[in-house]
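Residues per chain, in single letters:
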Amino acid sequence: MWEALKTALESNGLITGFVIVGITMYVAYLISNKLTKGLIHGSAIAIVLGLVLAYFGGVYSDGTKGLADISIFAGIGLLGGSMLRDFAIVATSFGANFDEIKKAGIRGISSLFIGVGLSFVVGIIFALIFGYTDAVSLATIGAGTVTYIVGPVTGAALGASSEVIAISIAAGLVKSVLVMVGTPFIARFIGLNNPLTAMVYGGLMGTTSGVTGGLAATDVRLVPYGAVTATFYTGLGCLLCPTLLFILTDMIW
Amino acid sequence: MVIYGVAILAGCFLFGMFCGELIGTLMGIDSNVGGVGIAMLLLIVVVDKLQKDGKISLPAQSGLAFWNAMYIPIVIAMAASQNVLGALTGGPLAIIAGIAVVLISWLVVPLLSGKKAKESAIEFNKNHPATGEVN
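One line per chain: the protein sequences are G and H, in this order. Take the first sequence: its letters are residues 2 to 254, numbered as in my numbering. Take the second sequence: its letters are residues 7 to 141, numbered as in my numbering.
Because the hints were derived from the structure by calculation, they are not lab data. All C-beta atoms in this analysis are idealised placements derived from N, C-alpha and C, irrespective of residue type, glycine included. Misleading hints may appear alongside valid ones.
Listed below are several chain H residues computed to face chain G (Cβ distance under 7 Å; list not exhaustive) [to be verified]:
#1 Tyr10
#2 Thr31
#3 Met33
#4 Trp73
#5 Tyr77
#6 Pro79
#7 Val90
#8 Leu91
Ranges between beta-carbon positions, derived for each pair [claimed, not checked]:
#9 Glu27/H x Gly106/G: 16 to 26 Å
#10 Met2/G x Gly97/H: 22 to 32 Å
#11 Glu164/G x Ser68/H: 47 to 57 Å
#12 Ser68/H x Gly106/G: 23 to 33 Å
#13 Gly97/H x Phe186/G: 33 to 43 Å
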């Protein structure tokens with residue numbers, strides 16, 4: 002009986018994923034409506050529930066893909082993986098206004114450069130406080146606070162130690178999770194209710210999963226504007242961190 | 007037909023990814039640079055043109071609207087497959103640096119978006135194709 006259920010769930014992973022996410026969203030909207038009287042948006046709660054599930058998945062399986070590391074829930078990994086995620090992000094631009102994007106063009110692009118530079122510097126400052134003094138480790142940790150992809154890419158290019166690379170990935174993960182959870186709460190205070198600010202936001206924060214998840218929980222109409230800049234951020238970080246930003250770091254330390 | 011909408015979306019997606027790979031190769035980095043962003047801009051332009059010419063049927067548009075509306079469920083699946091354990095057990099430096107970078111970036115957002123942003127909030131379009139529970 003258990004075996005039959007397990008086989009049914011495992012061999013139809015993606016479909017299992019639809020059911021799990023459907024149930025999670027139902028519970029989340031129930032909590033949103035009954036417990037917070039709609040004050041906290043249902044999708045924000047659903048994302049937090051997802052992260053909690055991912056935490057227990059990680060504890061249970063000791064893997065790196067959250068709930069998706071448990072075999073019967075592997076389909077969650079496919080549904081939330083980069084292929085379908087990017088496909089759905091592109092679909093969000095159906096309904097976006099091209100004029101708004103053009104209007105915010107310059108600010109969006111400059112926020113990308115400022116975002117990468119600022120994150121890099123903040124990472125370096127904290128690495129210094131924690132006693133790292135060599136340029137390779139500093140640059141790798143700085144790159145990790147850019148995103149959790151830029152960190153290991155930079156670390157590998159510069160030949161950083163695996164301990165430092167692990168720290169850089171973890172710093173990027175903390176950033177991503179915090180942006181995902183925090184965006185709906187901070188949105189009011191930073192004027193995040195229009196396409197222009199959403200594009201600046203995507204360029205400054207950069208973590209695609211964090212930005213698009215956070216904006217989805219704030220106002221789903223903002224997603225395409227944040228995504229259109231955020232998706233350039235990791236590429237820009239991978240370009241700048243191991244080259245220009247590392248050379249600058251190396252000159253100072 | 008619904009598939010036409012999905013195919014337009016998929017075609018734009020693949021073209022964007024292809025450009026992103028090319029840009030990455032040209033820059034000499036092993037990463038897709040802006041593929042998704044390019045795909046989004048292309049889709050906006052293509053759909054806008056088709057709508058103005060009246061060449062995209064309602065079922066075709068619903069093929070696009072479906073994936074648009076699937077975005078939040080996919081984000082939740084993405085959240086559930088994050089390495090949250092890794093983030094929480096990454097040590098104090100990782101956690102403090104990760105929190106600090108987010109707080110500082112939040113402070114900079116209003117500085118960069120400026121006053122113009124408030125005006126565009128008023129015009130922010132109310133007709134979103136993802137019908138159903140749009141907030």
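Hints broken by the structure, by number, lowest first? Of the numbered hints, 1, 2, 10, 13 do not hold.
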